[in-house]
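Chemist: Kindly produce the complete structure, drawing on both the sequences and the hints.
Number of protein chains: 2
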Amino acid sequence: MSQESNSAPATAKGLEGVIALETAICDIDGVKGTLIYGGYDIQDLAKNCTFEEVTYLLWNGVLPDAIQLAHLHRSLTAERILPPMVKEILEMTPEDADPMAVLRTGVSALALFDGEADDASTEANYRKAVRLTAQIPTILAHFDRRRNGLDPVPPLTDSSISHNFLTMLHGKEPGDAAEKTFDACLVLHAEHGLNASTFAGRVIGATLSDMYSAITGAIGGLKGPLHGGANIEVMKMLAQIDQEGADPKAWVLNKLQNKERIMGFGHRVYKTLDPRAAILQEMLAKLSSERGNTKWYDMSMVISETVLKEKGLHANVDFFSASVYGTLEIPSDLFTPIFGMSRISGWTAHLMEQWHDNRLIRPRAAYIGPRGLKTGR
Amino acid sequence: MSQESNSAPATAKGLEGVIALETAICDIDGVKGTLIYGGYDIQDLAKNCTFEEVTYLLWNGVLPDAIQLAHLHRSLTAERILPPMVKEILEMTPEDADPMAVLRTGVSALALFDGEADDASTEANYRKAVRLTAQIPTILAHFDRRRNGLDPVPPLTDSSISHNFLTMLHGKEPGDAAEKTFDACLVLHAEHGLNASTFAGRVIGATLSDMYSAITGAIGGLKGPLHGGANIEVMKMLAQIDQEGADPKAWVLNKLQNKERIMGFGHRVYKTLDPRAAILQEMLAKLSSERGNTKWYDMSMVISETVLKEKGLHANVDFFSASVYGTLEIPSDLFTPIFGMSRISGWTAHLMEQWHDNRLIRPRAAYIGPRGLKTGR
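Same order as they appear, the protein sequences are chains Y and G. Just so you know, we're using our numbering here: the first sequence kicks off at 3 and counts up by one. Just so you know, we're using our numbering here: the second sequence kicks off at 3 and counts up by one.
Source of the hints: derived by calculation from the structure; they are not laboratory data. Only a predicted model underlies this, so the values are computations on that prediction, with no experimental measurement involved. Just so you know, not all the hints are guaranteed correct.
Same chains, same label: a pair holds when it works inside one copy or across any pair of copies.
Distance condition first, Cα-Cα at most 27 Å in a straight line; then the derived DSSO-like pairs of lysine-lysine [said to hold, decoys possible]: (1) LYS251 x LYS297; (2) LYS89 x LYS297; (3) LYS297 x LYS182; (4) LYS273 x LYS376; (5) LYS15 x LYS182; (6) LYS15 x LYS174; (7) LYS238 x LYS376; (8) LYS34 x LYS376; (9) LYS89 x LYS376; (10) LYS182 x LYS376; (11) LYS288 x LYS376; (12) LYS376 x LYS49; (13) LYS251 x LYS174; (14) LYS273 x LYS261; (15) LYS288 x LYS238; (16) LYS313 x LYS273; (17) LYS182 x LYS257.
Modeler: As structure tokens, then:
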């Protein structure tokens, strides 16, 4: 047990409980069930602020005034168009490719056409954060249109990220409740402390590598089923109940009787309520009514009430976001990429914080292998 | 200070001194100046084993017998050709792109054409490790030929990674000393414990994301100047002395007098000798003689002797690898990509070890921002 030093501290497997750094971006209190971004409660933000305002908050530590918000809005809308060669890469991508692998490759390729990619100044990094936030929705919508044999819809030059993305994806403007609910989903997923993708991004950024490298790595981390994929599993369950034409309550009770796990309940961090779930539940009701499709809403309500009654477990954000995206007719393999399209604001905020007072992030490993072997040659 | 728990351990900034996991791949003793891969001393391996043998050792924990080595060799040579669309991406890449950004994008794109990309079985991961090790040299050589207006050289179907890469890069076969020295460079850079790029890869892999995602992130980490770029700085120094036509000894003494740092001396981990440096110094002598170009060797010897005498600091592996690559006429912006072409063996070994007994890697952050703010809307 030498590994770079003579001291031998205990191994903190998975770094559980170890505090790696200080942050002013976000705090989670799992016991109280609260989540704050830059001092503001997530419920306040999701009800009263747009994703653009929240993005500004995460990047700057304060909410924008009207002029600052208008300026950010102009920068974001001006940067939505992809470089021609990144479009070309999307055109060449096989239609059955995993959208997260497409996003990872597209973001990595954006760097090749950004003259500021390796400019480490604070100003250039802020501009790159704007560009990434603006371009990720275009990458996703372009790929989804193409794989469905449809022409990509050019980005709108004057509308919110939510409105623009839904329009590019579906080729028609979303309704008010759709735009507002999807915007709230972006707010709710924008940031969540030092999760594995954000941590991966900060480890990469701490080598003084560039923002594209760090975000490419973060996307790779989010792709993992232990991280970004929970609402896909929820949607699979809902779709299965729907296809079987089963009674949702009976279906859930049967699963529970067989000691099987119901996806979307409880949370590793939140011991009581996931504060994001209640907001989405409320919005899902309005959205379903606007869309004239209450199938997923009705099913979700029955399932969440049954699991709460039987197991005392509350539905989490993933449980309701599945129904929201399902009601918005978004394909389930875009759920995690959309998570990334939102989390880009938190990832880039963490990188800018990291670089403000950088330090290499590098724990040690304890060697448990053989010693003293010789090739004998 | 709540962040997911009520306890409040001390912050371990940069995770310095924290043991994150156990490994049987590599051990470094910075005080004694020793480095072992799987129990074997690095000097024994660099003198007596090929990069292919060392790669097998890192992946399997034992050196291969003749049959196992022949099998690995066949797999590696069979996988060298790039999917047509990855070639197409390289053709479209601007010639002034950073080769590390090109490598990151190329590796990410390889996943789009690998039907096993999301197959998490041990066997599929081993095959992906083989593919990545085989294809990275082709990506680098293809891009370098193209940016120089030259036709790419198709990969050889029966030669070592070292011989094949130098042939693809230069369009002619390397001499014996060139092949052997470059092969030793690959061995010396293949693995180095839980450095920042390897750690980033393991953090990504620990979400159960795929090998391409983890390696793409690791490449992004290696790209950082605090990690992979030291020998480029050494080469800049050598080239500057050469261009100025300065006397190397006088140049170094002048720098030291002005309290300026000489690149390539001392090491964060190795407190005495970097065990990799001595091997390279010896090989550089032979290589320079074979190439009939002792310019970088002569300069390196004068500088290393001067710094040792004046400051008591030994030259490290980066110091001599710069002269080796310079003597091999490799452009300096390929030094870090070549580091990655070697480290791919260690990165993939760490991923396979991680997945053998996986656990999410997720430390905590301490919140130091404001609380209790309200939007007032």
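Chemist: All hints are to be evaluated individually against the structure, with a verdict given for each.
Modeler: Evaluation of the provided hints:
no.: 1; hint: LYS251 x LYS297; verdict: within (14 Å within a copy, 80 Å between copies)
no.: 2; hint: LYS89 x LYS297; verdict: neither (36 Å within a copy, 46 Å between copies)
no.: 3; hint: LYS297 x LYS182; verdict: within (20 Å within a copy, 67 Å between copies)
no.: 4; hint: LYS273 x LYS376; verdict: between (53 Å within a copy, 25 Å between copies)
no.: 5; hint: LYS15 x LYS182; verdict: neither (41 Å within a copy, 40 Å between copies)
no.: 6; hint: LYS15 x LYS174; verdict: neither (49 Å within a copy, 49 Å between copies)
no.: 7; hint: LYS238 x LYS376; verdict: neither (53 Å within a copy, 38 Å between copies)
no.: 8; hint: LYS34 x LYS376; verdict: between (57 Å within a copy, 18 Å between copies)
no.: 9; hint: LYS89 x LYS376; verdict: neither (53 Å within a copy, 42 Å between copies)
no.: 10; hint: LYS182 x LYS376; verdict: between (66 Å within a copy, 20 Å between copies)
no.: 11; hint: LYS288 x LYS376; verdict: between (71 Å within a copy, 25 Å between copies)
no.: 12; hint: LYS376 x LYS49; verdict: between (66 Å within a copy, 12 Å between copies)
no.: 13; hint: LYS251 x LYS174; verdict: neither (36 Å within a copy, 71 Å between copies)
no.: 14; hint: LYS273 x LYS261; verdict: within (21 Å within a copy, 56 Å between copies)
no.: 15; hint: LYS288 x LYS238; verdict: within (23 Å within a copy, 63 Å between copies)
no.: 16; hint: LYS313 x LYS273; verdict: within (14 Å within a copy, 57 Å between copies)
no.: 17; hint: LYS182 x LYS257; verdict: neither (34 Å within a copy, 62 Å between copies)
In summary, the numbered hints that this structure violates are 2, 5, 6, 7, 9, 13, 17.
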